[in-house]
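Q: Chain residues, written in single-letter form:
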Amino acid sequence: MSEKRNKTEMVLKEASPAYCVSADGDIDLSLLRDSLAKTPWERMQANDDALNFAESLRTAMEKRHAKS
Amino acid sequence: MQNLSELMHRLISSQVEFVLVGGFAAVAHGVTQVTLDVDICCRFSEANLMRIQKAFADLHPVHRSRPDLPLELTPEQCASLKNLHLKTDLGIVDCLGEVLGVGNFEAVLKHSVEVELPYGKCRILDIDALIRAKEAMNRDHDKITVKYLKAIKKQQGQN
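Heads up: the protein sequence lines correspond to chains A and B, in order.
Per my numbering, the first sequence runs over residues 1 to 68.
Per my numbering, the second sequence runs over residues 1001 to 1159.
Keep in mind that a hint or two might mislead.
To be verified - Derived pair list, reagent style DSS-like, types lysine-lysine, alpha-carbon separation capped at 27 angstroms:
(1) B:1082 / B:1054
(2) B:1082 / B:1121
(3) A:38 / B:1110
(4) B:1150 / B:1121
(5) B:1147 / A:38
(6) A:38 / B:1153
(7) B:1082 / B:1110
(8) B:1150 / A:63
(9) B:1054 / A:38
(10) B:1087 / B:1121
(11) B:1110 / B:1150
(12) A:38 / B:1082
(13) B:1110 / B:1143
(14) B:1153 / B:1110
(15) A:63 / B:1087
(16) B:1143 / A:38
(17) B:1121 / B:1054
As the list claims (entries may be wrong) - From chain B, some residues computed to sit far from chain A (all C-beta separations above 12 angstroms):
(18) 1033
(19) 1064
(20) 1068
(21) 1091
(22) 1110
(23) 1138
FYI, nobody ran anything at the bench for these hints, they're computed from the structure.
Beta carbons: idealized from backbone N, C-alpha and C, even for Gly.
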């Protein structure tokens, strides 16, 4: 079991070498690095995109619940 | 449709004297949490408040606590306002006269940095002052933002 888990972790590690969390495990540092590579304007627009995507998901879920 | 970037654009184009604070400032610094509103600290002079009113005039601005009240500021109201919480067609804008942990507009201005946006320059609360402000607020999501901001400081120190 433990050997299987170790193997999976190794594969995941190799598949996503950029994935890394902070010392306390709360922050995905790879996401943070991606964000820091952007300009402040690009970060603001990414926030808007995320907001609107969340809104479209919410609307889709509401429609789904209304149908069922 | 939310468009916080457009709200910023309008504030800058209307020459509103303000500093971006709060979650959207954290986003500008690189925090990857999503924020729902624009928080600004601004000078609460009549002229500046009228610029804010003009900036959002076609976005059906209303007072957040009283959505039945459209934004129609009078000089008397301007003189007594400490904060202005607005809801517009493009999102929420909270205009604050002071920031907890930092101080009034002059103090906030002193602890701000200038960033270049496609349509003009904007002042944003610097990362240390933003950490102080978020620590002073001390809500659960503020604590997470502080962790992000400290991680950003560390990353920037390494580059």
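Q: Take the hints in turn and mark each one as holding or not.
A: Going down the list of hints, with the structure as the test:
no., hint, result
1, B:1082 / B:1054, "holds (19 angstroms)"
2, B:1082 / B:1121, "holds (25 angstroms)"
3, A:38 / B:1110, "holds (25 angstroms)"
4, B:1150 / B:1121, "holds (25 angstroms)"
5, B:1147 / A:38, "holds (20 angstroms)"
6, A:38 / B:1153, "holds (16 angstroms)"
7, B:1082 / B:1110, "holds (20 angstroms)"
8, B:1150 / A:63, "violated (41 angstroms)"
9, B:1054 / A:38, "violated (31 angstroms)"
10, B:1087 / B:1121, "holds (24 angstroms)"
11, B:1110 / B:1150, "holds (21 angstroms)"
12, A:38 / B:1082, "violated (35 angstroms)"
13, B:1110 / B:1143, "holds (24 angstroms)"
14, B:1153 / B:1110, "holds (19 angstroms)"
15, A:63 / B:1087, "holds (26 angstroms)"
16, B:1143 / A:38, "holds (24 angstroms)"
17, B:1121 / B:1054, "holds (19 angstroms)"
18, 1033, "violated (9 angstroms)"
19, 1064, "holds (17 angstroms)"
20, 1068, "holds (24 angstroms)"
21, 1091, "violated (8 angstroms)"
22, 1110, "holds (20 angstroms)"
23, 1138, "holds (17 angstroms)"
In this structure, the earlier hints numbered 8, 9, 12, 18 and 21 are contradicted, and the remaining ones agree with it.
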